Amino acid sequence: MGPSDKYMLADDSLQSTKSGFDVKVFSHWYRSLPVSSIGTLQLKIDGVKIATDDLTIEIEGKKFGLSQLPELYTLWWFILDPAIMHFESSSLQLKKGQRYQVELEMGLLIPYVLTGKEEKPLLASSSLSKELICN
Amino acid sequence: METGLEEVVNGGPRMGTTLYAFTLEWRSGKYTLETMLAEVARRKLSPVVEMVGFQSIRGFPLISDAFARDFRNWMDKYELRTSSLAINADVAIRPGAKLTEDETVEYLARQVEAAAKLGFPVVRSQMTAKAPVMRKLLPVAEKYNIKIGNELHSPYTLDHPDVISLINLYDELQSPLLGFVPDFGNSMHAIPKGLLTSFSKDGIPDSLLQLIQNIWYSDMPTFEKYSLLQKEGAALNGTPAQLGRLNMLLNLFSRQKPERWLEVMNRIVHVHGKFYSMENGEEPSIDYPALMKVFKTGGYEGTISSEWEGHLFTDEVSAFDIVKEHQTFCNRLLQSA
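Residue numbers (the numbering used here), protein chains in the order written: chain A, 14 to 148; chain B, 3 to 339.
If you're looking for bench data, these hints aren't it; they were derived computationally from the structure. No experiment lies behind these values; they were computed from the predicted model shown. Be careful, since some hints might not be right.
[What the hints assert, rightly or not] DSBU-like mimics (lysine-lysine), calculated; alpha carbons at most 30 angstroms apart, straight line: (1) K37/A to K32/B; (2) K195/B to K143/A; (3) K132/B to K79/B; (4) K326/B to K32/B; (5) K57/A to K130/A; (6) K133/A to K100/B; (7) K203/B to K143/A; (8) K233/B to K130/A; (9) K75/A to K119/B; (10) K195/B to K259/B.
Model the full structure from these sequences, guided by the hints.
If you want it as structure tokens, here you go:
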């Protein structure tokens, strides 16, 4: 959506783990939002879409399934802190030191900008595609 | 004597600095809150500082005693002073059901308490806190002796029904603690070129760019323009994503005449001196000479924060440099107004 999109993925965002891999992601908004504001989150590695059922997300040291996010309206995602997406499956194995094209799409529901007659929160969507070395 | 860029001209408005202008610098991760405050001081920007609670403070609105002590020490160390703390009326944090009036009051009260703990005399709230909420919030303002201003930011011009309700409420309550925070994005005479360029780069077709300009330059109130944009944009085959981007323009800019701020001048508790670019020492899309004259001759004696928001569409500008240029420009206008 704008210049802050480039901060959604950092150079060290992709990390292999014992059981799969992690991707550190950052908000593209200018301020912290409650975790319930994460309306959509989609990850692709080298063009392969990662099923959301295979992902958990860690914020403030706590892990959640993506379907739980709408309930988390009292947990804050600080603007300078990453949310860590954990992929724990052997269905996609990444190699340390190898480069991967990581694509992230994130839609944030802005809780103070209401749109339309039903006054629904604005969905602010951004995407970023970045080549990352797996650490 | 070098006094930095705060100059109070005959008791009139003074310029201030908001850390929101440095959004990209903050996002870069190169600064802590302390080093950012130090940078404001080092560059001799106005020492009267505003910030957004949910941007600058981890854990906001919870303020620990240790953080409050550190913050007050930094402000003393760098010879800075607080102006307004921007708080948020996030009524739609819970999917499916907006916060009730009482929940919104409670949500805002916690943030007002945080502002008091940090020593801010004013908070900027938002128009999503409507008149019934603001009526219930008055005792909180009184408890902490803090002024609360609803930001009048596009599309909330003085013609908006929610703004009219608030003006009526504030006339009834007659409290010096409740008022407004005008945002100069509401008083623009042109769309910043940088935004149109960024839309074009993002693949929004010329037909839609022409449409949004026709709509924006038309004379109906901004809040009535959204439905027209949806209808005519759909007829031009605009996608929901494209029309969403164009909606953003209506969320940022309105064309209210500068002198209309006089209608609420006695209720203004803080001002956002929004700007997008400086060309040849002037802001090309906002009539700053007229605005500075209105606020000075209208008797406003508070802070006007230099709120650069060009970071929404460019990262090729140093926000620190452009804020300094803006403050120099505005001080010159205030002196001659």
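Hints and how they fare:
1. K37/A to K32/B: 18 angstroms, holds
2. K195/B to K143/A: 28 angstroms, holds
3. K132/B to K79/B: Given pair K132/B, K79/B is violated - Cα atoms ~39 angstroms apart, limit 30 angstroms.
4. K326/B to K32/B: 20 angstroms, holds
5. K57/A to K130/A: Roughly 35 angstroms between the alpha carbons, so the hint for K57/A and K130/A is violated.
6. K133/A to K100/B: Since the Cα atoms of K133/A and K100/B sit roughly 9 angstroms apart, the hinted pair holds (cutoff 30 angstroms).
7. K203/B to K143/A: 19 angstroms, holds
8. K233/B to K130/A: 14 angstroms, holds
9. K75/A to K119/B: 29 angstroms, holds
10. K195/B to K259/B: Distance ~20 angstroms between K195/B and K259/B Cα, so the pair holds.
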